[in-house]
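Asks: Assembly of the complex is requested from the two constituent chains, each provided in isolation within its own frame, with the hints serving as guidance.
Chain by chain, the residues run as shown.
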Amino acid sequence: MRPGIGYQRSRMVATILLFAYLATPSYAQHLRIFACAISNDSAGASMGASSNGSGLYQSDDTGKTWRHLGWDNIKCYSMDMVQSSNGRILYEATGLGILRSTDYGAHWKQITDWRISEAMDVAVNQKNPNEIYIATAHGPWRTKDGGKTWDKCRNGLPGPFCSRIVIDSSDDTHILLGSNEGLYNSYSKSKQWTKIDKWNVPDSSISPLSFEEMTIAPFHSSINGITQRSRQLWFAASEQGGMDVIFDSLRNKHRLPLLISGYPMAIWSISGMETEHGYYDRAINSMVIEAGPSGSMLIPVGNGDQRPLSFDTVKNVATSLALPYADSGAVAFLGSLDSGIIRITIMPSALRRKPDWQKSPYLISSYGATAYNGRGIERKEYLPHRQIWTLKSFLVTP
Amino acid sequence: MIFMINVTNMMHSRTRRISRILIMLIILIIQITVQTTFAQSRESKGRILNQISSVPIRNDFAMVAARIYLGKDTAAAYRQLDTLLSRAYGDMFWMYGCAGLYYATGDRLRPEYKARICECWKHYTPYRGDTENHFLMYYGSLLLMAQAWPDLLDTDWFMGKSSKDIYDESKEYLDHWIDETVRNGQEEWDSPRYGYYYITPLALLAEYTKDKRMKHRFEMMLEYELASYAADYLNGSYCGAHSRVSDECAIDPHAAEIETYGNYFFDESGGAARLDTLSAKCPDIAFAAMTSFQCPKIIRNIANDRDSAYEQFSLKRGRQMLRYLDKWSSTDSSYDSEYHAPVYKYDYMTKDYCLGSMQGGIIQPIQQQSWSLVFNSDKHHNIITGLNPYVSATELGMFFPEYPSFQLEKISGTKASYTSENKWEGGSPYEHIYQDKNVLVALYDLPDSEKYRHVDLLVPCPPFRSAFIRQGKNPGQLWLNFSLDSLHVYIYPLDSFEWLRDTTGVRLRTLVGFVVYCDPPDSVIRAIDSEHWYFEDDALVSNRTQTTIPMGETKPKRNDWLFHSPFLESKKGSGILTMHCKGETRVLDFN
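Sequence order for the protein chains is A and B.
For the first sequence, the working numbering assigns the number 321 to the initial residue and increments by one for each residue that follows.
For the second sequence, the working numbering assigns the number 5 to the initial residue and increments by one for each residue that follows.
Chain B extracted, bound-state conformation (with noise of 0.2 Å):
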């Protein structure tokens, strides 16, 4: 009987252990089925640097790695380098492509083409730049290279310092970098132009730095930015207000270089949809595409999982400052012990759009842009915005060393849309912004004395189906109503107001400023649509319901969270960053 017994046993024993070996194969299987079609797969990534390596080549260490790693077209791509190596310019720009090739391409780099890049490093004087991607590029690429040769003496660097020093140099100006962005807030923050030079860098330096401690932590700071740019994300756009834009980028979220990054890492298919045209754009993608890194899953479904509408609050740190230390804000003086102006950032997003801003006031020279209103489309112009053109010596002077009239008289030649009454990118030091959830009000104080003395927001027109209704006998009191695809929004022009043509839209054009309100309520749209307004202590009333829409400072200033949403959680000083999404938890503890 108990022979029969432990019989039984053995073969139930055997059947279940067969049973789970099956399980788990099947479990294996499905998640290799699974991974192929995630992003950051060894199926995407070939795909991607097969893509760059088609492009027709051009000066460009990304497209030349991809060309070399994947042992396609080589001869093209050593004259390329050839070149890149003869004629080494473009500073700290240089510096990272050619460390991110030197990496990527380890063993199958010929042998002489890495004495002839150690022989640049000696020779080639870049410049470190002024701004913090400019500095993450510079000291992650020297720490890269003095790792990679860790016994050149000083003689043999172009700065005159030993691999030791330049090692220990750069690793102190990354920890101190690290250390500052996650306890005190970025500097240059949630750029949609810039922003891929922070991804990058750190994709390398995560990927082959071999101090175990240092590995971590860039491993951690690449996730960071990732998540930063996550909780922004709507369907391909970076939504909200921005420390950086380009001229283009400010009126077209899709024609951001980050998008491209957007798609390889937030895209469950790996970016495969818009491959073509993103890849072309942006070829330093690949230099991600030879790392392993994967972004997080958690990652992924917070730039995805629009499900349910969330409110984000961040705080972040202005472009340090060197004159007029009080001139950045018409209304706020206040500034840290570096010289870096508060930014509070505000973000209401949907599944149809994304409402974001900042206060207002001069935190970033030139390329600011202090609110947006993106709609969910993948049609290009998909975004309202709106600013004051402020052009000044000041401005300048406050970020740049040179004499502030100097530069103002040259910068045509850098920066041609600057003194453009008609630019769409740039701070106000009159600007104040108050919103709550999805409601806006920008507004203007501007004195005699500025040479633009106007407000100006832009509404695209078609390919959106777009219509606006006039209401009311004065000009200054009525409601405009558009409807972009599925939203409806309805703005409110603080003043008389014009309209101009413009190449992407219409321009409306006032001295005062805005209120832009999406989506609002029915009983909101029947006042919108049967009453007056009027404005009236800081707040608009209609003059026969007596509704009231509120302005103002709507929104508590979080002075004690650098990220404050749902998804994402980090309290200024701590060093951590929670974050929250369909029930999983992951935390980057920076300490």
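Same shape as in the complex, but just chain A (with noise of 0.2 Å):
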């Protein structure tokens, strides 16, 4: 059945209203989003060649400009940033080791040395600054000193290979590593590491997420994303086993995190969203976005159907980004090795009604040539010639 003229218009209103409200230059100052580039598209520069172009770029209008932070020439894998009481410090996960900077990006120091290189990741305590984690392709290490002393830290770990590290924001002694080998978890703050390979009864609170195989995946190996986007709610990402949600079921004392199996394919990001009002919560009360070698998709997480949806198909996406427009919408990062970033903005009148998901996505199919449903979506490339390894926001106090 066609909506009726008030519902075409409300539609409209909405779309206006979401437009005004990206333009408004309050919302730019509190968000700030980073991406962290290994290097141009030059032939094979990932891979030990110069990598001019890459580095750390900020935005704070929401993806429409970058700002270079520097360094160029250094493979940027990650980034991480915190509050301190001279400022925001900057740190970057780089070929190098760990770069930080006190002054958005105008000095570098480099706080690692000799022994730390291919620094895929970096996590700071948020409540202890001076305690900063890293994924190193050659394996974790921490400092408790903000970077005067490294502490190697492979105790349970079978291989070198770690490409993400998270803190659990509820629980500082709880990390979470992705390891060529699988999802680890240390309640040690990193001295031993356990691998996550255990089934417990699923809660309660997570019953609509009905997969219908509830296998564990046959390999959960190579985990590159991780992301918590609740107290109970993490995600991973696994190359060669799908996604893994995890509930991390503090609520009920289940302190080994639940995994259910996705489905077997290469993801090599994940990023969640969760919205606390507004229409998009009532279709679904988050969604994901994996990405991987063959493009990304997104999962509708809650409403009972959770087959994934063709999201975009630019190749070789690693990571992604999704940020929620207040209550009416939703804006989409793509980080891609061959294609830079692509923003994909998700506009309220294609959320309005509860949507079949899978006869009518309201997405752009490829490269912004079919639109389904016509308006509702925006797509536009930025930072073309980059290859993006990860994207990260924060929320910045003005």
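A hint or two may mislead.
[Claimed, not checked] Here are some, though not all, of the chain A residues that point toward chain B, as calculated from beta-carbon distances under 10 Å:
#1 N372
#2 G415
#3 G417
#4 T456
#5 D465
[What the hints assert, rightly or not] List time: in silico SDA-like cross-link candidates among lysine to any residue, alpha-carbon distance up to 20 Å:
#6 A:K429 to B:G164
#7 A:K468 to B:D172
#8 A:K429 to B:D160
#9 A:K468 to B:S166
Hints are computed from structural coordinates only; laboratory data are not their basis.
Fair warning: this is a prediction, and the values are worked out from it, not measured in the lab.
All C-beta atoms in this analysis are idealised placements derived from N, C-alpha and C, irrespective of residue type, glycine included.
Replies: Set out below in structure tokens:
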């Protein structure tokens, strides 16, 4: 049944309101997005060769324009930020180790030495900024004194390669590590790692997530992305085992996270978004973007139908970032190793009614060529000649 | 009487004194004369620098340095230096060239350019790289420049550390690298392509480091690298298995960059013979020529003494693995605490050829050469080699941090030959190589799942005089006889095979592997010529006389020696290399 005129009008109004909201300067001041580039798109630049055009980029206008913060010519895999008494401090995880800037990229200091290279991720303890964890291609490291000394922390790990490290925001003794052999937990600040491979009885709060096959993926290996969306909800991307949804059921006092297997496909990155209210929330209470070599997908979580929707067919999407636009819609960023950053805005008009996600995805299919249902989609490319490894956002108090 | 005796004695002693002086003068004259013909004499260094400064100049620190050093065409040199400093690129290669120029030209370099160089090291942000040679160039350059500017603050350096901190860190790394190499084996070993990225930085460090202890260590390390090269050297060609080759030198030892250095350090005439072509190919030799280093005579003798055939066992380390630790070999999953697979290298060197190998598997990505037969010749393409052209994301993911599947997709942009079924460089986890002196067996157990399920062997064609003789009816049971100059090589394909034409010779393709037999004794030749052969219980057996050529692991793996040969001895963990040649002994003690 076609929607009535009144419905269409209100959809137009909502669209206009969204654009007005996006254009509001105060919003830009609050949200800061960082993109980490490992090289420009010169052939093979990511494999041992020079990587001009790489480094850290910052956007204060939700991805429309980007400023290079440096270094140039450094493979920047990831970053983190922490508020200190002196201001905000940036950390870059790079091929050279960890770089720190206390003046938003005007100057950088390498805080690691010759022992540490190919740092793939960095996590700073927001409660104690002297405590920094890094995942490197040669294993995880930790400093307790702001980078003056570093300790290797490989106990319990079968191999060196680690790609992601995350500190539990509700318990800073709890660290999650994405390694080539799967997902590892530490409840001792990385002194000892334990592989997450146990099942627990699903928490009642996650019953809507009824994946058809509740079997653990055969190989939870090469964990390339971990994200925490709430106290309970974690997601992990597995290069060979698909997506894992992890419920750290603290409410039920299950210390070991529960894994619910996704589907076997290569995923390099994962990002999630939760909204408190709004149209989007009525349809789904969370959405997850999976990114991988063949493109990216949107996964609605919580409405009983978790089948993935084709989101964009840009190849080699190494990272994604999903952000709510207040109560009206969402903006998603895809960081590609082929095509730089792609920003896709999901209009509220596309989310007003409860959609049949499989038949009317309301999302663009590929390279902006086809927009389902016409309006409701905006797609643009930024930093097109960069290999984007991670995208991160922070709320910044003006 | 007593007086007369005294006078006679005085006369005698005067005569003796004069005789002694005369003898000393003669010895001195002989030494001077001999020195001018020795490698690295002042004359030969001048010749090399002159040659390099005559080559049309390009953006190359060594070429610029040679001109400023000689005071020749300095206007053009400074114009090039302007470009090199204003558009800095090349990472650790830029750093090492820049440091070399700064020190080698010394006071000849204009002060304003010294200041500009200092400014560059504040703003240019070079990549440290990911290989052993990269790290040596990066920290070697930093050590020298921190020494040159000892009082700079952390705000004066690109990475935000003070000169003192940089010097200390560089020294720590270089000490660590030397200790690891001389105790546990080199990681990027015996590379015809990249070997000079060890020799030249070490020549600079040995010459210009002020710290006496470190200077001595760098001098010894330079000798260590040259000694290792010398023992695998045959008239300009770098022999045996190699960690990293290039497309060109995989099938032509005379195309290797390091030959410039072999010619310079090991040739008695100091490289004059092939100077024209070699110095233009690798102008970085100018840096070595601007130092006072002289290759010890014993190392030159090791490189040139081929009177007696010898075996050399050596132990190396594979490149540090990041992922898939158990995938480097289908039969061996061992590695050390820092994820290096062991490399057992073996060479059999004669005056006519060198047959050399390692045990197989993937211990370096993309550019490995697991075995070769190099024969003594000035002609190009003096090599027989073979491989299974293995291509996989696993190999790339094993050594590089980016996503394995992405790397495989993009590698054609960097290394176009990697995915080719006809490539001549690279290891394979299914490769097992056995060698006993002049017999080598390369066996491959290739699963159906692999992209390329064949094994290739390259035999060079003319200008070598080559011919082949087919024997037997079954194409899987015959020997092929090749005559390459004076060398006779017999090859036995372990399966049916096909002939394919290659740009430099003949490509033999089979599915299982080959036996390579160099200069077999007459009894075996007779059996090869007149009998049929079959493969049974790890041996090749002739059907009539039951002549047997054993295969399999014919030589024990030497876990306890980094070098073991008549020329070089170094026990693993000892930190000591002892050289022997022509009755002379030289000891490098790193302890």
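Asks: Which of the stated hints cannot be reconciled with the structure, identified by number in ascending sequence?
Replies: Result: hint 5 breaks, nothing else.
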